[in-house]
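Heads up: the sequence lines are chains A and B, in that order.
Each step along the first sequence adds one to the number in the numbering used here, with nothing skipped, and position 114 is 114.
Each step along the second sequence adds one to the number in the numbering used here, with nothing skipped, and position 76 is 76.
In case anyone wonders, no lab produced these hints; they're calculated from the structure.
Just so it is clear, CB atoms sit at the ideal spot from N, CA and C, and this is done for glycine as well.
Careful: at least some of the hints might be erroneous.
Some but not every residue of chain B turned toward chain A, in silico, with C-beta under 7 Å [claimed, not checked]:
hint: 1; residue: 49
hint: 2; residue: 162
hint: 3; residue: 163
hint: 4; residue: 167
Residues of chain A placed beyond 10 Å of chain B at every Cβ, according to the derived structure [stated by the list, open to error]:
hint: 5; residue: 52
hint: 6; residue: 102
hint: 7; residue: 160
Estimated spans, in silico, between C-beta atoms of each pair [unchecked claim]:
hint: 8; chain 1: A; residue 1: 175; chain 2: B; residue 2: 93; range: 15 to 23 Å
hint: 9; chain 1: A; residue 1: 175; chain 2: B; residue 2: 42; range: 26 to 34 Å
hint: 10; chain 1: B; residue 1: 93; chain 2: A; residue 2: 28; range: 24 to 32 Å
hint: 11; chain 1: B; residue 1: 30; chain 2: A; residue 2: 28; range: 49 to 57 Å
hint: 12; chain 1: B; residue 1: 147; chain 2: A; residue 2: 38; range: 43 to 51 Å
There are 2 protein chains.
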Amino acid sequence: MPAAVGACYRLNMSTPPDALPRVRPLNELPALAQRAAELLVTPQTRLPLTPTEAAHVVAQMGVVQFPPGTTLIREGDDQRTGHLLLLLEGEVQVDTGEVPISVLGVGNIIGEMSLIDGAPRSAQCTALGPVLAAGLSRRGLEQLIEEQPRAAAKLVTGLAQRLADRLRALGQQVQMLRQIGRT
Amino acid sequence: MPAAVGACYRLNMSTPPDALPRVRPLNELPALAQRAAELLVTPQTRLPLTPTEAAHVVAQMGVVQFPPGTTLIREGDDQRTGHLLLLLEGEVQVDTGEVPISVLGVGNIIGEMSLIDGAPRSAQCTALGPVLAAGLSRRGLEQLIEEQPRAAAKLVTGLAQRLADRLRALGQQVQMLRQIGRT
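Okay, chain A solo, but in the shape it has when bound (with noise of 0.2 Å):
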């Protein structure tokens, strides 16, 4: 973990569920906000952002430390919502209830559904030891689309496809289940 980022706000378990707190901006981390920007133009996040486009997302976005074994997303949660993760350090073990249990790393999202829609999380993600993230919250991504709605749009668009990409899994699971239940 670089020491830059050791004044960050930590999230853990006691973290009170009526009040987000307060991240640091990440771009008072030059180095890690430009890790974030390359992140996020990667191929893995499929997201259509120029690098230029991945700068103005970053502006947006704030640091958040989890200790391992943190609890980063609790599936149900209605409270800790709005806002996806990009992982910038560590491992995070994924449970949606939807797949096999998935350990994702440096440069995945997660949480792009509540960013979008607000509602309860569907997942619950655990810190498989220290993570650092850069997250994005509803009120920034409102902010990005005021002050920056090219890059806000090619990144929601980027995000509903990979809504959709899930949606056609599922979809498929479904009509799996289905087969099944009927032999």
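Dock chain B against the given chain A, drawing on the hints supplied.
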């Protein structure tokens, strides 16, 4: 069906699958364009657009007529894909394989998933009578992002919210089917 739209392109099953037909711009029919803009901002669509932003979206739409019994969207179709339809007149029967067959009427949107990801259709949609629809293609969406990025960002955010809703519903369905499988 208003006489004014008699000249617009008729999509039918004999349309060559390798070429999308030329669609008449919706703005050439001002009364219909106005109606489409009004329908885009009804609570039913759940799109967070202002009337002005809806007009920007409509400016990128074309009008399409479907005779009774026509397949508007064919499951697995990977050619006539990449556009959504806003129903302006008539009713459409939708079979997604996910839920019981449903009937959608005026003001409903279909095909948003294919607009977003351009992948093959995951539903089958059939015109129950004469259907008139406003279509937005991927090219239209790209044009909107260029010309009116704020309207585009809000449109795509709304479409992503619709996908997130479906994803949550389908996730619950998978859990239910799995529980049934265990009993």
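Hint-by-hint comparison with the structure:
| no. | hint | result |
| --- | --- | --- |
| 1 | 49 | 12 Å, violated |
| 2 | 162 | 9 Å, violated |
| 3 | 163 | 4 Å, holds |
| 4 | 167 | 5 Å, holds |
| 5 | 52 | 14 Å, holds |
| 6 | 102 | 15 Å, holds |
| 7 | 160 | 4 Å, violated |
| 8 | A:175 to B:93: 15 to 23 Å | 19 Å, holds |
| 9 | A:175 to B:42: 26 to 34 Å | 32 Å, holds |
| 10 | B:93 to A:28: 24 to 32 Å | 55 Å, violated |
| 11 | B:30 to A:28: 49 to 57 Å | 51 Å, holds |
| 12 | B:147 to A:38: 43 to 51 Å | 29 Å, violated |
The structure fails to meet hints 1, 2, 7, 10 and 12 from the earlier list, while all remaining hints are met.
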